[in-house]
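Enquirer: One letter stands for each residue in the lines below.
2 protein chains.
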Amino acid sequence: VARPIGIGLLGCGAVGRGVMSILRANAERIAARAGGRLALRRIATQDVSKFRDDVEPPLLTGDPWAVVHDPDVEIVVELLGGLEPARTLIAEALRQGKAVVTANKAVLARHGTELQATAARHGAPLLFEAAVAGAIPIIKPLQECLAASRIQSILGIIDGMNNAILTGMARDGLDFSAALQRARQLGCLAGDTGADDVERRTAALRAHVEGYDAAFTLAILASAAFETRVRVEDVFCEGITHISLADIQYGRELGYVLKPLAIAKEGEGRLELRVHPAFIPREHPLAAVNDLFSAVFVRSDAGGELMLCGRGTGVLPAASAVVADIIEAAKRLRSGLRGVPPAPERTLPVKPIDEVVSRFYVALEPADDPGVLAAVAGAFGRWGIGIRAAMQRERFAAPAESFASPIDLVFLTHAVQEARLRRALAEIDQLDGVRRIRHVIRVEEPEPSQPTA
Amino acid sequence: VARPIGIGLLGCGAVGRGVMSILRANAERIAARAGGRLALRRIATQDVSKFRDDVEPPLLTGDPWAVVHDPDVEIVVELLGGLEPARTLIAEALRQGKAVVTANKAVLARHGTELQATAARHGAPLLFEAAVAGAIPIIKPLQECLAASRIQSILGIIDGMNNAILTGMARDGLDFSAALQRARQLGCLAGDTGADDVERRTAALRAHVEGYDAAFTLAILASAAFETRVRVEDVFCEGITHISLADIQYGRELGYVLKPLAIAKEGEGRLELRVHPAFIPREHPLAAVNDLFSAVFVRSDAGGELMLCGRGTGVLPAASAVVADIIEAAKRLRSGLRGVPPAPERTLPVKPIDEVVSRFYVALEPADDPGVLAAVAGAFGRWGIGIRAAMQRERFAAPAESFASPIDLVFLTHAVQEARLRRALAEIDQLDGVRRIRHVIRVEEPEPSQPTA
Numbered sequence: 207v208a209r210p211i212g213i214g215l216l217g218c219g220a221v222g223r224g225v226m227s228i229l230r231a232n233a234e235r236i237a238a239r240a241g242g243r244l245a246l247r248r249i250a251t252q253d254v255s256k257f258r259d260d261v262e263p264p265l266l267t268g269d270p271w272a273v274v275h276d277p278d279v280e281i282v283v284e285l286l287g288g289l290e291p292a293r294t295l296i297a298e299a300l301r302q303g304k305a306v307v308t309a310n311k312a313v314l315a316r317h318g319t320e321l322q323a324t325a326a327r328h329g330a331p332l333l334f335e336a337a338v339a340g341a342i343p344i345i346k347p348l349q350e351c352l353a354a355s356r357i358q359s360i361l362g363i364i365d366g367m368n369n370a371i372l373t374g375m376a377r378d379g380l381d382f383s384a385a386l387q388r389a390r391q392l393g394c395l396a397g398d399t400g401a402d403d404v405e406r407r408t409a410a411l412r413a414h415v416e417g418y419d420a421a422f423t424l425a426i427l428a429s430a431a432f433e434t435r436v437r438v439e440d441v442f443c444e445g446i447t448h449i450s451l452a453d454i455q456y457g458r459e460l461g462y463v464l465k466p467l468a469i470a471k472e473g474e475g476r477l478e479l480r481v482h483p484a485f486i487p488r489e490h491p492l493a494a495v496n497d498l499f500s501a502v503f504v505r506s507d508a509g510g511e512l513m514l515c516g517r518g519t520g521v522l523p524a525a526s527a528v529v530a531d532i533i534e535a536a537k538r539l540r541s542g543l544r545g546v547p548p549a550p551e552r553t554l555p556v557k558p559i560d561e562v563v564s565r566f567y568v569a570l571e572p573a574d575d576p577g578v579l580a581a582v583a584g585a586f587g588r589w590g591i592g593i594r595a596a597m598q599r600e601r602f603a604a605p606a607e608s609f610a611s612p613i614d615l616v617f618l619t620h621a622v623q624e625a626r627l628r629r630a631l632a633e634i635d636q637l638d639g640v641r642r643i644r645h646v647i648r649v650e651e652p653e654p655s656q657p658t659a
Numbered sequence: 207v208a209r210p211i212g213i214g215l216l217g218c219g220a221v222g223r224g225v226m227s228i229l230r231a232n233a234e235r236i237a238a239r240a241g242g243r244l245a246l247r248r249i250a251t252q253d254v255s256k257f258r259d260d261v262e263p264p265l266l267t268g269d270p271w272a273v274v275h276d277p278d279v280e281i282v283v284e285l286l287g288g289l290e291p292a293r294t295l296i297a298e299a300l301r302q303g304k305a306v307v308t309a310n311k312a313v314l315a316r317h318g319t320e321l322q323a324t325a326a327r328h329g330a331p332l333l334f335e336a337a338v339a340g341a342i343p344i345i346k347p348l349q350e351c352l353a354a355s356r357i358q359s360i361l362g363i364i365d366g367m368n369n370a371i372l373t374g375m376a377r378d379g380l381d382f383s384a385a386l387q388r389a390r391q392l393g394c395l396a397g398d399t400g401a402d403d404v405e406r407r408t409a410a411l412r413a414h415v416e417g418y419d420a421a422f423t424l425a426i427l428a429s430a431a432f433e434t435r436v437r438v439e440d441v442f443c444e445g446i447t448h449i450s451l452a453d454i455q456y457g458r459e460l461g462y463v464l465k466p467l468a469i470a471k472e473g474e475g476r477l478e479l480r481v482h483p484a485f486i487p488r489e490h491p492l493a494a495v496n497d498l499f500s501a502v503f504v505r506s507d508a509g510g511e512l513m514l515c516g517r518g519t520g521v522l523p524a525a526s527a528v529v530a531d532i533i534e535a536a537k538r539l540r541s542g543l544r545g546v547p548p549a550p551e552r553t554l555p556v557k558p559i560d561e562v563v564s565r566f567y568v569a570l571e572p573a574d575d576p577g578v579l580a581a582v583a584g585a586f587g588r589w590g591i592g593i594r595a596a597m598q599r600e601r602f603a604a605p606a607e608s609f610a611s612p613i614d615l616v617f618l619t620h621a622v623q624e625a626r627l628r629r630a631l632a633e634i635d636q637l638d639g640v641r642r643i644r645h646v647i648r649v650e651e652p653e654p655s656q657p658t659a
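From first to last, the protein sequence lines are chains A and B.
Just so you know, we're using my numbering here: the first sequence kicks off at 207 and counts up by one.
Just so you know, we're using my numbering here: the second sequence kicks off at 207 and counts up by one.
These are computed hints drawn from the structure, not numbers from a lab.
Any given hint could turn out to be false.
According to the in silico footprint, chain B covers these stretches of chain A (three or more CB under 8 angstroms from chain B) [stated by the list, open to error]:
no., region
1, 485-493
2, 579-588
Only pairs whose alpha carbons sit at most 35 angstroms apart, straight line, appear in this in silico DSBU-like list of lysine-lysine [unchecked claim]:
no., chain 1, residue 1, chain 2, residue 2
3, A, 346, A, 471
4, A, 346, B, 346
5, A, 471, B, 346
6, B, 471, B, 346
7, B, 471, A, 346
Covered, in the sense of this in silico footprint (three residues per stretch, anywhere, with C-beta under 8 angstroms from a C-beta of chain B), are these stretches of chain A [claimed, not checked]:
no., region
8, 233-244
9, 354-366
All residues carry an ideal CB built from backbone N, CA and C; glycine is no exception.
Okay, chain A solo, but in the shape it has when bound:
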């Protein structure tokens, strides 16, 4: 019988306790899959006293370095969150040849390439499925099941919180703040590692609705999918805080659903990397991904189209993804070869958002002027921007007490470079008949799928 493999936890909040309870409850099944028993050897936590009843005292320590340096710990599970000391602890564990499992999005998005290089140099497995879209297995399928294909694009709904907010608005007619309130009640923030006090929870909330959280995830995903270094600063990022119910309704009438998208595409040697709300056609599989579900839609040359979708948020799914990575790490440690992939060596240039080509939804508030539709259409025409749809009508869901509902003028353009659209809009904004440009939303129209015969 093989000696059990020792596990050390750095940090023991909600996810850590979930990991402990899964390791305990499913010990048999996990041992069978990992090729032998696992044993929890050390737990570093700031609040040792909290665990006195649950855990044998000698396992507990207040010092994370004691875990990393413990010779009986072969797999270090980092659940501290934040950049430091997480980064230094992970790097040191890898240098000692230990396997590291982490759910730390921030540290991977900032220092992933450097940590992967350390891992490769020391033949130490570095696993981070839990850092990306929670329990949805996406890194492994990307790296393994699609190993025979070249990935062309990734469209993702990778922030379940934002998806729950937009679903609440679109389906239940809630406004942004009511939808936000409900999404929080659904408990999706409870899963945020370390977000235990009010200040951190508020920061975590902002990171969601302003798109930063998704940008971190996308940086990690794109790096794995395109085998390139990705800096999180290169991800264009726009939040969902300015979305209005009226826009969602107009989009629906035009056949679209508004989703919080993360997009990575390779084309002509450059990478598009962007996180923003976007309209997608209502027939697209992502359009049906609602509430706290996340999803990643991958297009590859040989594998065709693939979507992975699941409830990515919450403590238990996150803990389950961590345990799956622990099992994988144990298998690799037991095997001779550790299967450590090399860190990406190339850095694909990133296309500036100005040069990105897409379709746009533009909502204007016109003055009470009969010629405005023609004037705006004319301005689009002078800039060579084709119009796919236009509609003018009283504002959807205007407050009942307003005497005259505002008028909305909505356009859907053909594909155009973003810089050109911005220049056209600057001119349109100056037109007499235009009170203000209320909103511009990108429209993501995936190419029709190729019949793979």
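Knowing the structure of chain A, use the given hints to seat chain B on it.
Expert: Chain B in isolation, oriented as in the chain A frame:
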């Protein structure tokens, strides 16, 4: 530099040629992922002359045993289809400790447990991702990413052909035979290994629409997910040939979408295994899986809900899944430990369809009798079967030339054991006011998802 690992192909139809072209086109990337080069050593095909221009003649042989016994072949890729000689060839390759990659659904559904036992005995990897839902990686995620969870249920749309037919009916108003015609044109049958002549294509077509193909897939899936021996004979199987446009339309009005489902559930120590068309709520993620897409929706105790969805049919996705398995096999051969899971040792009893509890859609054709609605509702009541919805109306989509459209009487029941429903229907069939029971369709209503906090 490591010696290249030798590959031998058994059979070289469309998928085999796809495998060859992917191995050639992506050689660099594949070598990087497999930990070293792969080399095609031997190809067995019935028609050696077809390949003279493409392949160096010494690689070709008419004798599959020459491939299995070739000492330079370390990975045997079985693409013959059918039970024999595939089964004997696979078993012999495993006995020699070679890795086997197969896309052969039939042989796995019939002899999977026995072949897995042979693989385990000889430490030989047996990989079959390509046999299940084409390019959708499902076996690996089930076995690895969900390793920490106990799977509770699987709902799948695992026959892209049938899904394309029902989509054509539901979305485009085609009748069954027109939808079938179009689904065939979409080319999904082109991907069927070996279905090169008319007779085999017709047999393959029947296997789809009568549900047998999905039953084979479900047997393999359920065996992997629940770690139990599954006999394909134990899968209850009902085809989609009797579906009418009217039923799809009535279902839609009640809030449901008709899908060709495959269902496996564990409960109270027994397994439900069934393949049949079923109504699912239109909000369910599977309801949006259309056309040639397949999908598998998995519920597990810790991992929550997970859906994998992709275009499972077609030559290129199938070939890409085979190559991904070849890469995995090469990695395992290079590592000391071969990661061969033990064959399932338990055999969970299967619940007879009579004892399965679900909701039902029942469509009746009443005689011209004012009391019939009350009479039928009364009969349901006497059997203790609750009614969730009832409607009576002129037949949807009745031929224009018919003077009097037939009347349809439609019921949606509460959950009831199938045997009890059948007994109630036998009584209802005898009622004076009932001309005939036109159709009974199961309704699959997944439990509301638990907020995973």
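Enquirer: Would you pick out the hints that fail for this structure and give their numbers low to high?
Expert: 2
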